[in-house]
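> Single-letter residue listing:
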Amino acid sequence: MGVVLRNLQKVVSLRRARLRRDVDTLRHILGVHKFDVGIVCVDNQKIQQINHTYRKKNVPTDVLSFPFYEDLRPGKLPCPLHRDELNLGDIFLGVEFVMKQCQEESLDLHDALTVVTAHGICHLLGYRHETEEEWTEMLQRESYILTEYNRLTGRHLQPLMKTCDHDR
Amino acid sequence: MLNNNGASSGYRPQLFSSRVWNPSVSCGCGGLHTEGDKAFGDFLSDEIKEEQKIQKTKTLPKMSGGWELGLNGTEAKLTRHFAGDKISVTFNVNNSIPPSFEEEAEQGQQKSAAAAEEEPEMVSSPNFVVEVTKQGAKHSLVFDCHYPEDEMSHGEGEEESDIFAIREVSFQPEGDDEWKETSYTLGTDSLDWALYDHLMDFLADRGVDNTFADELMELSTAIEHQEYIKFLENLQGFVKCN
Numbered sequence: 001m002g003v004v005l006r007n008l009q010k011v012v013s014l015r016r017a018r019l020r021r022d023v024d025t026l027r028h029i030l031g032v033h034k035f036d037v038g039i040v041c042v043d044n045q046k047i048q049q050i051n052h053t054y055r056k057k058n059v060p061t062d063v064l065s066f067p068f069y070e071d072l073r074p075g076k077l078p079c080p081l082h083r084d085e086l087n088l089g090d091i092f093l094g095v096e097f098v099m100k101q102c103q104e105e106s107l108d109l110h111d112a113l114t115v116v117t118a119h120g121i122c123h124l125l126g127y128r129h130e131t132e133e134e135w136t137e138m139l140q141r142e143s144y145i146l147t148e149y150n151r152l153t154g155r156h157l158q159p160l161m162k163t164c165d166h167d168r
Numbered sequence: 001m002l003n004n005n006g007a008s009s010g011y012r013p014q015l016f017s018s019r020v021w022n023p024s025v026s027c028g029c030g031g032l033h034t035e036g037d038k039a040f041g042d043f044l045s046d047e048i049k050e051e052q053k054i055q056k057t058k059t060l061p062k063m064s065g066g067w068e069l070g071l072n073g074t075e076a077k078l079t080r081h082f083a084g085d086k087i088s089v090t091f092n093v094n095n096s097i098p099p100s101f102e103e104e105a106e107q108g109q110q111k112s113a114a115a116a117e118e119e120p121e122m123v124s125s126p127n128f129v130v131e132v133t134k135q136g137a138k139h140s141l142v143f144d145c146h147y148p149e150d151e152m153s154h155g156e157g158e159e160e161s162d163i164f165a166i167r168e169v170s171f172q173p174e175g176d177d178e179w180k181e182t183s184y185t186l187g188t189d190s191l192d193w194a195l196y197d198h199l200m201d202f203l204a205d206r207g208v209d210n211t212f213a214d215e216l217m218e219l220s221t222a223i224e225h226q227e228y229i230k231f232l233e234n235l236q237g238f239v240k241c242n
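These protein sequences, in sequence, are chains A and B. Heads up, the first sequence is in our numbering, so the first residue is 1 and it goes up one at a time. Heads up, the second sequence is in our numbering, so the first residue is 1 and it goes up one at a time.
Hint data in this document are derived by calculation from the structure and do not stem from the laboratory. Some hints here could point you the wrong way.
[Unchecked claim] Pairs of lysine-lysine residues, derived as DSS-like cross-links and limited to a Cα-Cα distance of at most 27 Å, are as follows:
hint, chain 1, residue 1, chain 2, residue 2
1, B, Lys62, A, Lys10
2, A, Lys46, A, Lys57
3, B, Lys240, A, Lys10
4, A, Lys10, B, Lys86
[Stated by the list, open to error] Chain B is faced by these chain A residues, among others (derived, beta-carbon under 7 Å):
hint, residue
5, Arg6
6, Arg15
7, Lys56
8, Lys57
[To be verified] So, partial list: chain A residues that the calculated Cβ filter (under 8 Å) puts toward chain B:
hint, residue
9, Leu8
10, Lys76
11, Gln103
12, Leu109
13, Ala112
Just so you know, these numbers come straight off a predicted model, no measurement behind them. Glycine included, each C-beta is placed from N, C-alpha and C at the ideal position.
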């Protein structure tokens with residue numbers, strides 16, 4: 001199946017083909033193109049509800065990841081035994097939240113969505129940013145992914161994690 | 001041998017009698033009116049009043065994006081022009097309200113009185129056909145679209161489906177109402193998802209996106225309700241013989 005893309009919101013006008021192509025590029029860079037990934041685009045209300053339900057944080061956010069493999073060591077790919085285990089999990093993109101940030105900082109929406117999706121995929125692969133060491137490790141991985149992405153596409157994307165925070 | 005040629009002059013009891021049994025209400029129209037009809041008419045009168053009470057507005061909601069609405073009974077057609085392309089969207093409000101999946105209360109559990117009284121709002125989500133016609137072209141690109149019935153959305157899980165989805169795509173002769181079965185029809189069940197996304201982006205560029213789909217549901221719900229009230233009024237007139 002590859003990338004299962006769902007657009008459940010109507011606030012932001014999305015280019016589905018562009019989003020899929022960008023997520024596919026990220027999957028190839030990470031060598032996880034054999035794994036399915038769910039990308040679900042939602043508005044502020046929905047992501048706030050999910051954030052509240054699963055993280056007890058009653059605020060909207062840009063990205064929430066739900067890994068299929070919950071105890072992966074960062075950087076180690078899962079070893080699935082069956083076809084239905086070729087799945088990394090789901091990433092909920094708060095596209096309304098991201099759009100507002102883009103408007104404030106005059107950024108391209110789909111560039112920003114690529115950056116937050118890279119962050120989300122890192123979480124699906126076991127990366128965390130609870131501690132300083134984890135943050136450094138995840139930042140390095142995100143930097144590598146986006147450097148490769150920039151090399152392949154000619155764009156100039158920067159990692160999401162400029163500072164160590166625990167909000168995502 | 002029994003005489004069955006109908007020439008017998010003797011009385012023969014009939015199972016079905018054509019004789020009207022005691023009509024108790026009459027209006028002089030020559031038609032049949034029973035006590036049951038009267039009760040039915042009174043019921044309809046109350047029902048119409050109730051429906052008119054919950055009718056949000058007599059006028060239909062407007063679609064944003066410059067769509068023009070044309071109605072032919074239960075069929076609605078929205079049209080707009082976009083840089084030389086003519087886009088039309090047709091749908092029929094008949095059978096457009098999906099059945100309620102309200103789960104029955106588990107044994108031993110009783111709903112609160114308030115919850116029991118609260119009826120789910122009826123929402124019409126019809127299949128709709130989008131037709132894109134280029135200037136001077138003999139064929140239109142036709143998209144058969146629908147609102148996926150998401151089983152998950154009826155339970156506690158997260159909703160998983162897009163607001164609307166394309167089911168089939170085909171080229172059809174321009175202005176032809178009949179679906180030509182001999183035209184190649186692209187099903188989306190096993191389609192390359194990149195192609196599917198381009199088709200969705202193509203529709204979005206022409207004003208058929210999630211906002212449109214949401215407004216179409218609102219419009220369809222209003223038309224359906226209007227038609228329902230009209231039907232009840234016709235039924236009442238028919239039963240009561242005004």
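> For a quick check of understanding: which of the numbered hints are violated here, in increasing order?
When the structure is compared with the hints, numbers 3, 7, 8, 10, 11, 12, 13 turn out to be violated.
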